[in-house]
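> Please put together the full structure from these sequences, using the hints given.
Number of protein chains: 2
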Amino acid sequence: MVENDFFRALADPTRRAIFEKLAAGSMNASALRDGMDISQPAMSQHLAVLRSAKLVREERQGRFVNYEVDPDGLALIAQWLAKYRAYWPERIAALKVLLKDMDQ
Amino acid sequence: MVENDFFRALADPTRRAIFEKLAAGSMNASALRDGMDISQPAMSQHLAVLRSAKLVREERQGRFVNYEVDPDGLALIAQWLAKYRAYWPERIAALKVLLKDMDQ
DNA sequence: CGGACACATAAGCACGGACTTATGCGATTT
DNA sequence: AAATCGCATAAGTCCGTGCTTATGTGTCCG
Numbered sequence: 001m002v003e004n005d006f007f008r009a010l011a012d013p014t015r016r017a018i019f020e021k022l023a024a025g026s027m028n029a030s031a032l033r034d035g036m037d038i039s040q041p042a043m044s045q046h047l048a049v050l051r052s053a054k055l056v057r058e059e060r061q062g063r064f065v066n067y068e069v070d071p072d073g074l075a076l077i078a079q080w081l082a083k084y085r086a087y088w089p090e091r092i093a094a095l096k097v098l099l100k101d102m103d104q
Numbered sequence: 001m002v003e004n005d006f007f008r009a010l011a012d013p014t015r016r017a018i019f020e021k022l023a024a025g026s027m028n029a030s031a032l033r034d035g036m037d038i039s040q041p042a043m044s045q046h047l048a049v050l051r052s053a054k055l056v057r058e059e060r061q062g063r064f065v066n067y068e069v070d071p072d073g074l075a076l077i078a079q080w081l082a083k084y085r086a087y088w089p090e091r092i093a094a095l096k097v098l099l100k101d102m103d104q
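Heads up: the sequence lines are chains A and B, in that order.
When you line the first sequence up against full-length UniProt numbering, it's residues 1 to 104, in that order.
When you line the second sequence up against full-length UniProt numbering, it's residues 1 to 104, in that order.
Errors might be hidden in some of the hints.
Any copy, or any two copies together, can satisfy a pair, since identical chains are not distinguished.
[As the list claims (entries may be wrong)] Listed below are the simulated BS3-like cross-link pairs for lysine-lysine, each with C-alpha atoms no more than 30 Å apart in a straight line:
(1) Lys54 x Lys83
(2) Lys21 x Lys83
(3) Lys54 x Lys21
Read the hints as simulated data drawn from the structure, not as lab findings.
In this text the structure is predicted, and so the values were computed from the model without any measurement.
See the structure below:
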């Protein structure tokens with residue numbers, strides 16, 4: 001189940017912090033670590049979870065692995081959210097119109 | 001932290017099933033149970049988690065408690081998603097325009 | 001008024017998941 | 001070629017969390 005993946009992946013605050021950092025600009029695993037007080041294996045494991053949730057994708061560059069945000073995961077979240085657009089508050093009701101394009 | 005709440009709440013497949021059921025129509029806790037193979041206390045605990053995440057809200061009716069989808073939670077998810085609209089695939093890029101209304 | 005009902009809460013348990021230390025594997029450097 | 005570096009994986013530990021059984025609280029009905 002795909003939904004299980006991205007919700008579970010983002011349920012962890014550390015992984016959300018990693019994701020936010022990558023959203024500000026792609027970087028490798030070591031660069032992600034500094035300023036985060038997290039061990040190297042822990043970072044590697046978090047990235048594996050984010051990867052399997054399609055929230056992040058890797059690109060090998062020599063002995064470095066560059067990570068960046070994967071739009072696929074965000075699209076999956078948007079699709080999940082779109083299923084419940086009937087309940088969205090009026091403030092963002094205008095979204096309904098546009099999301100019709102997404103469905104087909 | 002609010003994000004922590006709704007992501008963690010939806011990370012559990014049983015709670016997502018409950019939420020989907022409520023999205024199809026509001027009902028009380030007992031009605032939610034049948035066809036779900038879940039004990040009464042478990043359902044009550046799940047509903048408490050969904051409630052604190054603002055994904056669901058209750059409305060007491062006599063000795064029954066009617067539950068329904070709370071738009072606030074969905075709005076919070078939409079807001080979170082909006083932060084990363086720079087990475088959305090082209091297919092739903094049109095959303096960017098509309099989401100500007102949501103930010104302000 | 002007393003019992004049944006709908007639901008919430010308490011307490012205990014078992015399992016998953018996030019961490020640790022240790023090690024493996026490619027790639028680069030000297 | 002050997003050492004080092006960047007990262008992944010293995011194995012073990014600890015804690016959060018989802019379940020259970022038991023009980024509490026409030027509401028309806030006979």
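> Broken hints, numbered, in rising order?
The structure breaks none of the hints.
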